[in-house]
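Those sequence lines, one after another, are chains P and G. The opening position of the first sequence corresponds to residue 260 in the numbering used here, with each subsequent residue numbered one higher. The opening position of the second sequence corresponds to residue 260 in the numbering used here, with each subsequent residue numbered one higher.
There's no promise every hint is true.
Just so you know, same-sequence chains aren't split out, so a pair can sit in one copy or run between any two.
Said to hold, decoys possible - With a cut-off of at most 30 Å between alpha-carbon atoms, the simulated DSS-like pairs for lysine-lysine come out as follows:
{"no.": "1", "residue 1": "537", "residue 2": "387"}
{"no.": "2", "residue 1": "553", "residue 2": "452"}
{"no.": "3", "residue 1": "505", "residue 2": "452"}
{"no.": "4", "residue 1": "363", "residue 2": "302"}
{"no.": "5", "residue 1": "537", "residue 2": "406"}
{"no.": "6", "residue 1": "494", "residue 2": "452"}
{"no.": "7", "residue 1": "363", "residue 2": "537"}
By construction, these hints were calculated from the structure, which means they are not laboratory data.
There are 2 protein chains.
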Amino acid sequence: MPTLSILSHDADEYKRLIEEARLPGLEIVTEPAQSDIVLGEPKRIGDTLPQLLQLKWAQSIYAGVEPLVDPAQRRDYALTNARGVFGASMSEYVFAYLLFHEQKILQRIHAQQSMQWQRQEPGLLRGKTIGLLGVGSIGAHLAGTAKHFGMLVRGYTRGSETSTQVDGYYHAEDLLKFVEGLDYLVSILPRTKETDKIVDAKLLDALPSHAVFINVGRGNAVDESALVGALHEGKLAAAILDVFEKEPLPEGHPFWTTPNLYMTFHTSAISYPEDITKLFIENYQLYIEGKPLKYVVDFERGY
Amino acid sequence: MPTLSILSHDADEYKRLIEEARLPGLEIVTEPAQSDIVLGEPKRIGDTLPQLLQLKWAQSIYAGVEPLVDPAQRRDYALTNARGVFGASMSEYVFAYLLFHEQKILQRIHAQQSMQWQRQEPGLLRGKTIGLLGVGSIGAHLAGTAKHFGMLVRGYTRGSETSTQVDGYYHAEDLLKFVEGLDYLVSILPRTKETDKIVDAKLLDALPSHAVFINVGRGNAVDESALVGALHEGKLAAAILDVFEKEPLPEGHPFWTTPNLYMTFHTSAISYPEDITKLFIENYQLYIEGKPLKYVVDFERGY
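For reference, chain P alone in the conformation it holds in the complex (with noise of 0.2 Å):
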């Protein structure tokens, strides 16, 4: 008989969920060491991984797993990750940031905080191109909405050429192909060896100084001190950052004073236990039928 332990600062309503579902043969127990399916957050579940004697299946509610791809720990279960969820919530987080900058909210603040009638045109995203550092399920959702408003995408990928929304696939070495000329780059990069300070002075150099760039995969994939360097020296309009190299960022941290730098707190893709409950209820009829799995993380790619 399936066991489940909910190992998330959200179990009560991870816990009412899916008692809710009523999901055939399943008992959910409090001793995470009787269980063989875990859900939760990669932490929390990689802390409890010695205990977890019985583990089949690990169903973490983030999209990003570090803690359990960690080659130090074991890999004798199968670990899957939530995808397809973010791409709603992300598309609002980075399109918010996208048409502030072009509607020049803040400047038409300050004109009537200036108390002056200020007929500055605001910019539109129409006609303006996107790149996207990175195309799954997340990516695909952001190709989607740009293309709504008229946008032309652009997608840097691995090799996969999946969302139907994007333009133009860039791989490998085109790299600095395809930054020129955005008007927006956006890196929804999974932290992998291979995305490690991607996003680095040459980058920055190839991107037109009235580029946005936004960060909302994982902080390893920008050199931090090339990317203060580009602002203070007007090599990019603007940069939005939801993720960091460490995080909470430091004090002191030049981020936080950086021209034209926004921070946002690592909240662009919340993790909502209605959505991520979808996901589990799914992968537990295959799992119970021994089927393959849904979402599962290559450990050695590390998503």
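Starting from the structure of chain P, add chain G where the hints point.
This is chain G only, laid out in the frame that chain P set:
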């Protein structure tokens, strides 16, 4: 032979675009009195009307044509306005502010300024309800963007129910039922006698206190002192106003300093010569074929 006068501050650009189109038989003249067609801003056309002795057709480059539907003006010509071209830019404007509000962008900026790592969850448009006061071509476009973001859409109209993206229509005396429970109320109403102060104290009382009001239609739709009062009393969360009873907004007007009031300066729908020229070309073909023009304004109705 049809002759055209261009009465616009963008006359050079319009001349270039129309000449490029090589419209059959059309001559562009510099003397308005000699033209049977005029293209331009309603105000300029209105000021020139007494000289336009041969006028048969006037194409406005704006949607609002108040200076031309004034009962004191002559009405012995076909007046067409700009329609179907503002939806995309209006949508960028409106959703910029909806997302700005949900994402708590100002709060995040303040947290950054005080160097606080503040993990406050953003709100989402998904699942929220937007009410459109007036559903013409702009309202229909806004409805499409709202559906893209997973919102529920209500429309309040005189009687038409043309947009299929609207989930529910309201008419006539159902106004207070229409605003009940809304998260966002957007007025796209034209200036007519019927729209005068439609957004009054009673309507603002019926709106939930967490709601946000946006006016991109005309300033006459709002009882300005009722709105100031509602914002001071916290009866609504915010107002974003692009249009006003009197523009530019007079010095000393309470709007300049009302809390949670964001004003822009009649910039939500920019008239792009490329877009308007397409409309003009379309109508010119109908004109020379003697067919009914598109986007004809009803002088009595006012739009």
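Comparing the hints with the structure gives:
Taking the closest pair of Cα atoms, residue 537 and residue 387 come within 30 Å of each other only across two copies (21 Å); inside a single copy the shortest separation is 36 Å, beyond that limit. Taking identical chains as interchangeable, the C-alpha atoms of residue 553 and residue 452 lie at most 30 Å apart only when both belong to the same chain, with a minimum of 24 Å there against 59 Å between chains. For a Cα distance limit of 30 Å, the shortest separation of residue 505 from residue 452 inside one copy, 16 Å, qualifies, whereas the shortest one across copies, 59 Å, does not. Taking CA atoms no more than 30 Å apart as the test, residue 363 paired with residue 302 passes between copies only; the shortest distance there is 28 Å, against 39 Å inside one copy.
When the C-alpha separation of residue 537 and residue 406 is checked against a cutoff of 30 Å, the pair qualifies both within a copy, at 28 Å, and between copies, at 22 Å. Proximity of residue 494 to residue 452 under the C-alpha cut-off of 30 Å is restricted to the intra-copy arrangement: shortest distance 27 Å within a copy versus 52 Å between copies. Taking the closest pair of Cα atoms, residue 363 and residue 537 come within 30 Å of each other only across two copies (28 Å); inside a single copy the shortest separation is 39 Å, beyond that limit.
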